[in-house]
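Using the sequences provided together with the hints, build the complete structure.
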Amino acid sequence: MTAIALVPAAGSGSRMASATPKQYLDLLGQPLIAHTLRALLGAASIAQVVVVISPADEWWESYDWAALLGESLARLLVLRVGGVSRAESVMNGLTALATSPVDNPQAGQHAQGFATSDDIWVLVHDAARPCITSQQVEAMIVQLEYDAVGGILAVPVADTLKVAVNHSAEPRIAHTTPRAGLWQAQTPQMFRRGPLLAALQDALPEHVAEITDEASALERLGHSPKLIMGSPWNLKVTYPQDLQLAGLLLQANR
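Numbering (our numbering), first residue to last: 395 to 648.
Derived from the structure by calculation, the hints contain no laboratory data.
It is possible that some hints are incorrect.
With a Cα cut of at most 16 angstroms, we get these calculated EDC-like pairs of lysine to aspartate or glutamate [to be verified]:
{"hint": "1", "residue 1": "K620", "residue 2": "E539"}
{"hint": "2", "residue 1": "K630", "residue 2": "D607"}
{"hint": "3", "residue 1": "K620", "residue 2": "D607"}
{"hint": "4", "residue 1": "K620", "residue 2": "D512"}
What follows is a list of derived Cβ distance ranges for each label pair [claimed, not checked]:
{"hint": "5", "residue 1": "T527", "residue 2": "Q578", "range": "15 to 25 angstroms"}
{"hint": "6", "residue 1": "A603", "residue 2": "L555", "range": "35 to 45 angstroms"}
{"hint": "7", "residue 1": "K620", "residue 2": "T527", "range": "30 to 40 angstroms"}
{"hint": "8", "residue 1": "S618", "residue 2": "V551", "range": "37 to 47 angstroms"}
{"hint": "9", "residue 1": "G464", "residue 2": "P626", "range": "41 to 51 angstroms"}
A virtual CB, placed ideally from N, CA and C, is assigned to each residue, including glycine.
Laid out in C-alpha cells, this is it:
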C-alpha cells in the first residue's frame with residue numbers, strides 16, 4: 395500500500411519558552427524534527443513525507459538536510475503553506491498537494507505531490523513527536539489499510555483525572571472524572587485525503603477551537619475513527635523537560 399505522511403511544522407512552540415520553534419530545538423545534536431522525519435521516511439509504506447512550514451520560516455534552510463536524511467531526502471517535500479493553527483496547516487498542505495507541483499530544491503527535483511487522489515491514505519504526525527518508530531508506523535498502516543474511516547494511535551488513560559476550578563489562577567479540584575473508556579490521543583492519525591480535507595474545510599474557521607487533532611474533525615461529521623494501541627514512549631515535546639526525556643528515549647532505542 396502507498397501512503398503519505400504529512401507533518402505540520404508551522405507552530406512556534408510558545409510553551410517551550412524558547413525563541414526557536416520547538417521543531418528546530420537541538421535534540422542529540424540535530425534539530426528535533428530530523429528525528430521525526432527519519433522515522434517516517436524509514437517506513438517502507440510511506441511513499442512521500444510532506445512537511446508544512448510557515449511562509450515566514452527562517453530555520454528550515456539553515457540545515458544540511460542531505461546530511462541529516464541521506465538518500466531518503468528524495469521522498470521529502472516541503473510546503474510553505476502553514477497556517478495559524480495546526481488544522482489550517484494540514485488543510486493547506488492537503489490542498490496544495492492536490493492542486494500544484496511541489497518543489498524540493500534540496501533533492502534537486504520538481505515533482506507533483508502523491509496526494510492527488512481522494513482515496514490515498516494520509517498519516518498526519520506531530521513534528522514534535524520524535525520518538526515514533528518506523529515499525530509503529532508500518533503496524534498502524536497494516537491495521538487500518540482496509541478500514542472504512544481510519545484511526546489514530548492512542549493509549550488508555552492510566553492516571554486518575556481531576557477537573558479543576560480556577561484553573562487559570564489557583565486551581566482546586568472540582569471533581570474526579572472516571573477514566574474508564576478514556577484514551578490519550580497520539581499521532582500519526584491516518585485518514586483518506588478526501589474525507590479528511592472535507593472535514594477540515596467544513597470545520598474551519600468557525601469551529602477551529604474544537605479541532606485539536608484530525609480525528610476531531612472527522613468525529614464532528616459523525617465518523618468514528620479506530621483506536622490503535624500506541625506507546626507511552628511516543629511522547630510529544632511540549633515543555634522543556636520533555637526534550638531531555640525524548641533524548642533519553644532515543645538513545646535507549648539506538
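Evaluation of the provided hints:
no.	hint	verdict
1	K620 to E539	holds (12 angstroms)
2	K630 to D607	holds (13 angstroms)
3	K620 to D607	holds (14 angstroms)
4	K620 to D512	violated (20 angstroms)
5	T527 to Q578: 15 to 25 angstroms	holds (18 angstroms)
6	A603 to L555: 35 to 45 angstroms	violated (21 angstroms)
7	K620 to T527: 30 to 40 angstroms	violated (20 angstroms)
8	S618 to V551: 37 to 47 angstroms	violated (19 angstroms)
9	G464 to P626: 41 to 51 angstroms	violated (29 angstroms)
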